[in-house]
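Asks: Sequence:
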Amino acid sequence: MQLKNLSSAIGKSFSDEELLSELKRVLSEYPDAFPVPGLCSPGWSLKFSMAPGILSLQCHRIGNNILKGYIQVRFTEFLQRDCQDVMIEDERSGTLKFVLNCTNGEIEFSAEPYSVREYDPEEF
1 MQLKNLSSAI
11 GKSFSDEELL
21 SELKRVLSEY
31 PDAFPVPGLC
41 SPGWSLKFSM
51 APGILSLQCH
61 RIGNNILKGY
71 IQVRFTEFLQ
81 RDCQDVMIED
91 ERSGTLKFVL
101 NCTNGEIEFS
111 AEPYSVREYD
121 PEEF
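Heads up, the sequence shown is in this note's numbering, so the first residue is 1 and it goes up one at a time.
No lab work stands behind these hints, which were simulated from the structure alone. There could be a bad hint or two in this list.
[What the hints assert, rightly or not] Estimated spans, in silico, between C-beta atoms of each pair:
no., residue 1, residue 2, range
1, Q58, P121, 33 to 43 Å
2, S21, D90, 22 to 32 Å
3, S41, E17, 28 to 38 Å
4, Y30, T103, 16 to 26 Å
5, S28, S110, 19 to 29 Å
6, E122, S56, 37 to 47 Å
Keep in mind that this is a model prediction, so the values were computed, not measured. Even for Gly, the Cβ is constructed at its ideal location relative to N, Cα and C.
Construct the entire structure; sequences and hints are all you get.
Replies: Take a look at the structure:
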């Protein structure tokens, strides 16, 4: 994915606020460009009718042309049980890591799901 509004800043420095503003714009216009469904709990799904939001941004430069970091996103997930009328919803947050190539504006995201604890059968 390419960040259009940062294309004028390609090759120049831009602030974290400019990057955060552009990421929020892209998330509101193209929510499926972000791998937010990968952050959902096992068996749960992302509720697309409630747009995810960005809570925070942290990043640092790697050399002159690469910016690495992460964004905290808030989203709503749901679980539909056997009965079609019963849907459980939960608001969650998670971390999306990103790598931004500052020479061409290309950005790649990866989801960091929470780990699921494996229980020992003798534990209960």
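Asks: Look at each hint and say if it fits the structure.
Replies: Structure-based check of each hint:
For Q58 and P121, the Cβ-Cβ distance of about 40 Å falls inside the hinted range of 33 to 43 Å, so the restraint holds. Distance hint check: the CB atoms of S21 and D90 are about 28 Å apart, consistent with the given range 22 to 32 Å. The supplied range of 28 to 38 Å is met by S41 and E17, whose beta-carbon atoms lie about 32 Å from each other. Checked against the hint of 16 to 26 Å, the C-beta distance between Y30 and T103 comes to roughly 22 Å, which is consistent with it.
Between S28 and S110 the beta carbon distance is about 21 Å. The supplied range of 19 to 29 Å therefore holds. At about 41 Å, the CB distance of E122 to S56 agrees with the hint of 37 to 47 Å.
Violation of the numbered hints given earlier is absent; every hint is satisfied by the structure.
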